[in-house]
Amino acid sequence: MPQASDPIANYLEHFSKFEKEISGESEIRKFRQDAVEEFKSFGFPTNKNEEWRFTNPSQISKIHFNHQLQKQISGEVKKQIDELAIKKFAQNRLVFVNGIFSNESSNTQFSPAIKISPVSETLHQSPESVIEIVKRPMIEGRNFFTSLNTAFMRNGAFISIPDNTTITDPIYLIFIASDDTTPFVMHPRNIISLGRNSEASIVEHYIGVSKNVYFTNVVSNIILNQGAKLEHTKIQTESVNAIHIGSTYFHQFESSKLHQNTIMIGGAIGRNNLISTLNSKNIECTFNGLSLSEGEQLLDNHTTIDHVMPNCESHELYKAILNGKSRGVFNGKIFVRKDAQKTDAKQTNRTLLLSDEATMDTKPQLEIFADDVKCTHGATIGYLDADAIFYLRSRGISENAARDMLTHAFANDIIGRISAEPVREYLNKIVHDKLNQRR
Amino acid sequence: MNSTNTFENLAESEYKWGFITDIESETAPKGLNEEIIRFISAKKKEPEWLLEFRLKAYRHWLTMVEPHWQNVHYPPIDYQDIIYYSAPKQKKINSLDEVDPELLRTYEKLGIPLEEQKQFAGVAVDAVFDSVSVATTFKDKLNDLGIIFGSFSDAVKEHPELVKKYLGSVVPANDNYYAALNSAVFTDGSFCYIPKGVRCPMELSTYFRINAAQTGQFERTLIVADENSYVSYLEGCTAPMRDENQLHAAVVELYAHDNSQIKYSTVQNWYPGDKDGKGGIYNFVTKRGKCAGINSKISWTQVETGSSITWKYPSCILQGDNSVGEFYSVAVTTNYQQADTGTKMIHIGKNTKSTIVSKGISGKFGQNSYRGQVLVQKGATNARNFSQCDSLLLGDKCGAHTFPYIEVKNRSSKVEHEASTSKIGEDQIFYCKQRGLSTEDAVNLIVNGFCKEVFRELPMEFAVEAQKLLGISLEGSVG
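In the order they appear, the protein sequences are chains A and B. Quick note: the first sequence uses my numbering, first residue 102, plus one each step. Quick note: the second sequence uses my numbering, first residue 277, plus one each step.
A portion of the hints provided could be inaccurate.
Said to hold, decoys possible - So the derived list for chain A, only partly shown, Cβ under 7 Å to chain B, looks like this:
(1) D457
(2) M461
(3) K464
(4) G479
(5) Y484
(6) L485
Hints were generated in silico from the structure; no laboratory data involved. Ideal Cβ placement from N, Cα and C applies to all residues, glycine included.
Pulled out of the complex, with its shape left as it was, chain A reads as follows (with noise of 0.2 Å):
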């Protein structure tokens, strides 16, 4: 693998090579400086920084990937899709390959009214639609790989719902990386709005299959205005040696809704950090969350739910299920501002340790600066009930069936919350795939 000496000056000198190929972007290009300044400023993270205690970015610092996209598709790659990607959603769907826009793979079916079209796309049409998204004052969140994406950012998802528009199926947004030549990066951006009391469902799905080390560092913005409802899941499949860092921005307006699943189940390396930021009254947000992991994978996630504004709910659940060697993090961000009166907010983590060398780290943490307010939050860590397992094996249940009986039911537990039933199917499969490889 090729050693960078120093990463920031090595995506400095990627990015000089890249602000030539994009000329044309006059607007944008102040923004992606400033960017550039950010990244350079908050420096390459390490485990001395309290948000990467547990997962040290270091060994991704280390790695020299490339940023020159592999731009054409062979028909193996459009097999995969077809194999790995939920088939019921095939009519509604952009798909990215090695991080490229695919125009022969996607389809949407959707009214002109509703933008769905690639970032590449807006940032040339109309570059001040997307930067007024991206722009939005973040106080939660900020970190280094997200401002490396602002400067990066081309490919990914921009989707514009107008107000009083309900989308009853859900818009997939396909992310797969194939490309096997070299260890390569790529810095998805998806932005997303939604118009008051408009309604809509957002699948994200990144799946791998290139066998290389490979770094997905992806980054959403996503508005939710007055009355909107959004189901978002993001499903993580990346392969078994991939890198993938994910931010998603959430911005919350008066009587949104907000469902947001997060699978996690692939990569070497999987972190997601969530934030969302309740700017008005009367929000809803809920966040449920499942990872899995075996081998020596390491999943982490970094969840923020910040409540600006008073009688906001919050609702909270992430599980984990560890097997093998593999290291679990989960940390439980939920401030409530001065503001804030009447936040009622809950947070659950629930983890599940399958073998004796897997790791588990929980932090919850909840900042609150308002007194009227209800707050909770609970994390357990543990192995299977042992009367469970005896009740169902005096039933006849072979141990074995039993602990993936109870295994299963654990991760249902979130899976059963996610509406869309196709994914839901999806996901039950996978489950039950992970249980009997085990074996």
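With the hints as your guide, set chain B onto chain A.
For chain B alone, kept in the frame of chain A given last:
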């Protein structure tokens, strides 16, 4: 809300222990260097190895950086502006009668009349005034049982082998910034050794007081419970009111052998600063216990009402199989007080158990953080932990924060953590008032109920004192 307005109008609670005792004291010049350390060591006629221990700690301290990760804020401390040694000028004390009557009156004001306690209370007290241990009651009675209890300096002279063996065995001199500082300059403290098979018949107690201005108090407590022994130890603290901040960086080490049990209770009431946040003690303490032997148990109970900043994590290293660690805490922050406190439970041995109950109460502009770690090592089969941290908010300008770290490396272990934050409900107050209680009494009742799980772990006399203290600390802070 009318009821809360009446609270605000209630008399501001005054710090009742804020008197200054006029006693001639012998102090070292301000500042910290090897000379000062040699001076302290020479004053105390210490053996060579202890001076070496200090100097090694000091040299290490010089290489360390002051930590800043904590959730408390204070102006930088000038370590050269502190007096590291201050002792009441006294001749050698043979009996209690020889102690300066002025000093004894101070303790009477504090509510621990040594004379009286000697006769009635059955509590053996080792009082530490500024940095030097003044008098120890009941020494003879304890001696009969083979229990060694007295000032650290005496222990160094009389039982150097024990001190040498255990000093730094739980909190190494280079453990952290303040432990290293303490190891370099500690002046006195308490030492306690319970021999094999002895159950200490009375509560042992130390009373700390910072009297002289511009001094830091760096005491060191070392408690060793040998096999099959039991001891319950109490610690109380006060300081006079002063405008400048004073640093208190103590180290407490507990060492529990096989089947022994140590119960350590603290009622900390250092001067918290005035209502504008001026003055007060910085209480940066390292407390750690090691359950080295099988079936050993260490239990920490703390009631923290004082100090402008409280920053400490009484911890347990559960090394022996079947050992048990407990942590019960009530931390109150009102006015501009800040607290970042909690515990660490390190599970190393098999079947180790730990319980954490933490209650944080914030009023006015107080900021209260619970920070804790539960670490289950790979070999800690069947480890069990239960943690609960609840916060009660009494105003809309205060804050409650929790930072629990849970790290599990063993699948047969079971770790549970729960936390909640709430305020006193208007309906609860209404219910009490309906039954003829004043708003203030109602709040006291509810807060005491909130803390009950912790108070019942305190020895009886202390529990009563803690309840009173809580009431006084919270006077006028609801609103």
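Hint-by-hint comparison with the structure:
At about 5 Å, the closest approach between the beta carbon of A:D457 and any beta carbon in chain B falls short of 7 Å, and the interface hint on this residue holds. The beta carbon of A:M461 is positioned within 7 Å of a beta carbon in chain B (closest approach about 5 Å), and the interface hint is therefore held. Because the smallest distance between the Cβ of A:K464 and any Cβ of chain B comes to about 5 Å, under 7 Å, the interface hint for this residue holds. Contact between A:G479 and chain B, as hinted, is supported at the beta carbon level, the nearest pair being about 4 Å apart and thus within 7 Å.
Interface hint status for A:Y484: upheld, as the beta-carbon distance to the closest one in chain B is roughly 5 Å, under 7 Å. Interface hint status for A:L485: violated, as the beta-carbon distance to the closest one in chain B is roughly 9 Å, over 7 Å.
Hint 6 from the earlier list is the only one contradicted by this structure; the remaining hints agree with it.
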